[in-house]
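Let chain A serve as the given structure and place chains B and C on it in line with the hints.
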Amino acid sequence: MLKHLTKLIWNRKGENALVLVELVTAFLVIFFVAATISYSLWLYKQPLGYDWEDTWELRIAIGNSEWQESDSETLRRVLNTLKGQPAIEWAHVVRLGPFRGWNWTSTVAYEGREFIPMWNTMTDGAPQDLGMTLLEGRWFGPEDAGRIDDPILINERLARRMFGDASPLGQDIRQRGEDEERDDPALTVIGVFSDFRQRGDLHQMTDYVLGRHELEDPEQSVYSLLVRLEPGTALTYEEALVDVLSQTAPDWRFVVTPLSRIRADHLREQSMPLYIGGTIAAFLVIMVAFGLFGVLWQNVTRRTDELGLRRAVGATRERIYRQIVLEMTLLALFAAIIGTIVGIQFPMLGTFRPLDWRSSGLGIGAATLIVSGLCVVCALYPARLAAKRPPAEALHYE
Amino acid sequence: MSELAIQLHEVSKTYRTDRIETVAVHDITLDVRQGEMLAIMGPSGCGKSTLLNLIGLLDEPSEGRINLLGEEIRTSRDRDLARLRNESIGFVFQSFHLIPDLRVVDNVEIPLLYRKLPAAERRRLAETALERVGLASRMHHFPTQLSGGQQQRVAIARAIVGEPKIVLADEPTGNLDSHMGDEIMGILEGLNRDGGSTVIMVTHDQEKADRTDRVVRIFDGQLVH
Amino acid sequence: MFRNYLITAYKVLLRRKFFSFVNIFGIALTLAVITVVIAMLQNVVQPLGAEARAENYLGVRDLMITNEEQTSTSSWAIGYRFLETQVMPLETPDRIAFFAEPREGTVFVRGQKVSPRVVRANHEYWNVLAFDFRDGRPFANDEVSSASRVAVINEAMQVALFDGNPAVGKRFDLDGMTFEVIGVVANEPETRLDAFGEIWIPYTATATDGWRKNWIGPFSALLYAEDRDRLPVIRDEFTARLETFVHDDPEEWSIAKATANSKLEALAREFLDRRFAEDSRVGLFFGAVFAAMVAFMFLPTINLINLNVSRILERAGEIGVRKAFGASTRTLVGQFLVENLVLSFVGGILGVILGFALLAFIESTGMIAYAQFQFDVGTVLAAFAMIVVFAVLSGLYPALRMARMHPVGALRRG
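For the record, the sequence lines run as chains A, B and C.
The working numbering puts the first residue of the first sequence at 784, with every later residue one more than the last.
The working numbering puts the first residue of the second sequence at 233, with every later residue one more than the last.
The working numbering puts the first residue of the third sequence at 1235, with every later residue one more than the last.
Next up, chain A with everything else stripped away, as it sits in the complex (with noise of 0.2 Å):
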């Protein structure tokens, strides 16, 4: 049976193309959808490798100018003020905040091969401080002070793609455009940590590499520090403490907001395409449902003399049935192979980093599943119809 449906799809290509195409249009749609959806879910529930909660992000405006040495000293003053209120736990300078989108990259290379990771630095303790975890070797600390060469950990990721599986503990690697005939310092891996997602929960896994930030320098410059509130503190401290800090750095504006609100609004912000997307995929899924619908009512219309002739050489009802359900679910299912096939290209190519193996794979799955399940619902009805018809009266339908 299958076989001889296999035929009668075959040799009404010329009917099916059309439904076809749209079949495999929207079962890419689909696909694109559901794959984005759920390597944005997967990247959701990976680990951030740090500690956000009762923390406040610090944003410092030196009156909108460039940092100078003078303001090195101001620092210095403004951590101690936060240090020495009761409701602050710690304050560190972290020169990129989290869920921010900034981005600071810069290419490194190791044995002739390049990485472009991107890069942070925060003062001695802070990665204690917000809870990162130490995979191999130590955190800085007040003891790099002095070095000639730049220490820095990297994340677990750099490590395994740099150095495979022999030890990053000590290595040298170097910023490129600097050779070893220069003095320019190295850098010198001394721990690896499981990661930090700077940029929050929807972005994708990155290289990273973590310096120590030198107060002692007066050349570094900082745009945002991070204080962790004692907890139950209430909001309204804000204001308060915008007071204390204007008192200790006058030229200095002070802009504060809690890392909570900054992860909602990055996550608003990075889920929106998908709700977007998601909408219009489910809007362009209920079109086609009606239209497939239509064109099968139509289309068992039309066969009410194939139809009927079967009942009459001894189909019965409930096959006559079977056999149009399983005719949209072989052409949903041929729809789904196209599909698969152009959409497998994504992952084998590597072109688009949300498109790999594990949510394409998933993309795939749904794709399927909902064309499949659109095929048979819109055939149901029909169907039903169609073999509801008597076969006398199919037969002389003319």
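What the hints contain is simulated information worked out from the structure, not anything from laboratory work.
BS3-like, lysine-lysine: derived pairs with alpha carbons at most 27 Å apart: (1) A/K786 <-> A/K796; (2) A/K1171 <-> A/K786; (3) B/K397 <-> B/K348; (4) A/K790 <-> A/K1171; (5) A/K790 <-> B/K348; (6) C/K1404 <-> C/K1347; (7) A/K1171 <-> B/K348; (8) A/K1171 <-> C/K1251; (9) B/K348 <-> A/K786; (10) C/K1491 <-> C/K1447; (11) C/K1347 <-> A/K866.
Below, chains B and C without anything else, positioned relative to chain A:
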């Protein structure tokens, strides 16, 4: 005396549409022997086709009893009727009713699809049936590539592929010219003579009717003797 | 004949309620989305609200400084030094406005934080842009030179800071400095990049003036001409003057790249990532937008084609009869296309209404600050143009198929 293939006992069929009742067939009693070739004649709209549909179990009588091959049809269960149609009856229609999207051989195979038969066996039986109607060479054509007479021969092949005891033909030559009509008649006669099939044919062509063993006439849904 | 077509179309519409519904539903939803996209584009590009004179100015928004070898590059908005040396000396513009990009400020109102977007501007800003002053006045040249602590606020801030009471003459603390409100203007949506802000202060009113030394900095300039035909002259002068660019550190920064653009050109550059390229490729931009819309319409169109094919096959009998009685193929195709147009128009009108409802919804969510999409004839016309494209696309193939239909076959199939 040979056994009865079909026995109709006081069969009536009434159609109801809205408020109007139409009596299509009224109080018909008819016996057809196995191996008989019978013609049903009558003017248009007299109920010939309805009668044939009742015999072919495509329609249920409003009243009366039908015996098919010595077995009384008591059931109206779709599955049982479908099985009886499949195994005992072969249909030939005036307008052929071939499926245009299937090749000739696939069209002939259709009745076998509803039996449990391996694909190779189905194919073999279909080829044999096509040979019997002299169309083995056109097996892989589509119906639209054939002439009307050839299409009707395909329809006959489809009707006999399952080796039914009874072949029902509803104006099988109605859409054909006289030469092709003769050919079809020849095939039906051959089936009856050589294969021992019971053939019941609806026609309004006296000449064709004369070639059968017996002719019954219907007028206004009733048998006239 | 046409009237006859319309009557038949209307009857067919009523007879096949389900198909009509599906057709109209699909067209309406598709066009609603397209209406929203067109309306959004128009609100970014068209001279509306305070940007009413946008066709009389060119904007200079981005600056990249680099050197021959491109060993260093730096880019952002233009800085004050660049304004001083490259923009203010221009002779052809009648007015030159400049303003810093909106920056989040902090104001505390009874312990609650308000974070208005603050814009620093010069006095010409108020002459080039056409703000709707609900109260008070803009700040003047002498107030800018003397770095007066005066501010113009929008109506939303009047509510947020002063509970909607008359605000002119009142004072508030912004980032540790006290400002006096001198004017209140109507809200401008976030999509109007030149006019958007919540509080405007003189660009000089800052705690320190380190910004005076920067080449790259937060400013944009608007070069205004009374006579819009002179804009190309202004563009040429601006481009020519870039050649004279000399940085304080001429070794490291020898080249400045910037462009003066209309709003449409700016959008095209942004979209195509050609901020510093010589030409803006507006045509390519329109091509890309059109291609995206066509891609979006692909599935709905295929869907409609499928439905229409079924619709035609269903009516094969009718078509056969018409053909048998002498209707020419052309008449039949004409009739079918008219039917399809009628359907598309009904769906299209619903779609445009739905689109405006969607826009109203977007306005109400506050996703885009102070969004106010105008009911614009251009939008409606553009949407209708899309409807026609849609109708022709989805009607053409089925109509051709109908034309090929053989009368006898059509009769038999009925």
